[in-house]
Amino acid sequence: MTLHQDYEQRRGSAAPAALTALRARGAADFDRLGLPTPRVERWKYTNLAPVETMALVPGATDPLPAALVAGADRIVLGAKIERSVGALPDGVHLGSIADAPDAARALLGTLASSESEALVALNAALADDALVLFVPAGVAVPRPIELIVPAQTGVASYPRLLVVLEANASATIIERHEGAGAGFVDLTAEIALGAGAKMRHWRVQVAGDARRIVTSAVRAGADSSYRAFTLTLGGRLVRNQCDARVDGDNAEVELDAAYVIGGDSHVDTTTRVVHGALNGTSRQTVKGVLDGHSRGVFQGKVLVEEGAQKTDGYQLSRALLLSRDAEVDVKPELEIYADDVKCSHGATTGRLDEDALFYLRARGIPAQEARALLVEAFVAEAIERVDDETVRAALLALAAGRLARDQQELAA
Amino acid sequence: MLEIENLRATVGGKEILKGLTLTVPTGEVHAIMGPNGAGKSTLSYVLAGRAGYEVTGGSVKLDGVDLLGLEVEQRAAAGLFLALQYPVEIPGVPTTTFLRTALNAIRKGRGESDLDAIQFLRLLRQKTKALGVTEEMLKRGVNVGFSGGEKKRNEVLQMAVLEPKLAILDETDSGLDIDALKIVSEGVNALRGPNRSMLVITHYQRLLDHIVPDRVHVLAQGRIQRSGGAELAHELEAHGYAEFGGEREAAA
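From first to last, the protein sequence lines stand for chains G and A. With UniProt numbering applied, the first sequence covers 1 to 412. With UniProt numbering applied, the second sequence covers 1 to 252.
Honestly, the hints are just simulated from the structure, not real lab data. Quantities reported herein were computed from a predicted structural model and do not represent experimental measurements. Heads up, some of the hints might be wrong.
Unchecked claim - Every beta carbon over 12 Å from chain G, so not counted as near; a handful from chain A, in silico:
hint, residue
1, Gly12
2, Ser113
3, Glu136
4, Gly149
5, Ala180
6, Leu181
7, Asn189
8, Arg196
9, Val212
10, Gly228
11, Leu232
12, Glu243
What the hints assert, rightly or not - Chain G is faced by these chain A residues, among others (derived, beta-carbon under 7 Å):
hint, residue
13, Glu73
14, Ala77
15, Pro91
16, Gly92
17, Ile106
Yeah, the Cβ is synthetic: ideal placement off N, Cα and C, and Gly gets one too.
Based on the sequences and whatever the hints tell you, model everything.
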């Protein structure tokens, strides 16, 4: 069964009533848009043709893996929602859209546009449910919440996430994309931050044959802080797209990523930050290590609207190419309609620093080990952006494990 | 003992070392002085085995081992240490990790077992004290954000930890003020010993007031032009390198 056949079969399936309108609109939009081709500007470097022809079968259940961070709550966003969640503060909702507070339900589908984004439309049309995290004003969710997003061979899944943090609320979500199978995941996340709210959004994507399209839409209210970091360790085709809007004064949005890929992996990071308020800050730092025939893409756009004075926007893309056949495409863009702003971007693509390599070897460190040390340092520097020590340590360990695997393959 | 015999080397097709012969007996400190462009740095890189420096003739032996046949890291394992004129910054590799990885690699070459983290830290604490290398510097990426003096102190610390048979100090005094020069020189002097040779490469005589050499050699136009005792450095300070065909400048 192809993706479209699977779509036709599932579009009428049962779903909570709260999703009826979203699904109808999503289906109408997807019928009009279809899957994007490279002629669509935002999909110039990532071709979805291989996704269309994947062989799909109906899904199965997904087991609940061990926590990445000790004590974290865990939820599997798979065919069946598995959960291990401890007691949460009063008023916090972590569960189906069906019994979510009205304040959250009203926001579903308002942040991520299905009108122009085909993968959002496809997700909307087929979402079985939407997981909602609603945190009322002034409440801090005490533990990180791990969301496990599995990929299984032959299974297409359309997880949907809605996060609503009211004024001065805070939460940490760790999104774990697991499963090495040749499955397809089309995740859409909508995130609304009220005034002074603080969200940390860490994401890990394991290696393997999965195709994962993740689209998140963020709206940051006044004085709010949204920081995201994505660590991608492989995947046949991965796209992490984030569209964020700085909607209130003094808000900060940070969208960072690092990826370590080889073989035929394709990893696309596409971001768009729109500054629509005063004194906003946005940071995007993407670092990639590419081996084999892998390909990396970074398309980052910062748009400063008229009147969004004192905006401070910064984008940086750094890629380390370890093989002649690896490739990276970088397209940074600034579009500025205000006159008192500070915006800049930079991009570097290169090989390992020969001076550093000589220095390490001159101290007795064998060439191969010296190279591994430099690559690990390059990735570790990106992971330093994660401002949570426990999570940072977990991510560093995962990256080190991934690099050690490369070393073993090299030695074999 | 370091024995360099009729060494010839080219850089980018241009011959820089033109038959250099030099012997540094075990336990002695020799200085190499010379004008800019004489081939001083080329000599240090050729000895360390850096890519881009092509040896076209001659031989180099360290305690009888032919260095020229070895990879960069094998030379280090054989006991050679080059303190760089411009130490490289390596963001993301903490100095501690760097030192421990290097030490264990060299111990492996000597047939010794790895030091674990605790043994290593004990050793490190003992070595850092005299050099004024702080815990904070050790945590930072190698040389990242270090001042010129801190970078050179870090080089001497590496030497102290790795305990080479032969240490080559390439323009270690460059970029140092007088206080930093003192600390670095004291660090180097503390490492002098009957089993270690040193080759101190410098343009200026002032370093040799602090690290007093057993012998001084003048390198110009790719060869050792003259050798003498420590007093030769003072003579060079007074008369410059002009008589050796170098630039007309005083080695003040």
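> Which earlier hints turn out false for this structure, listed by number in ascending order?
Replying inline: none
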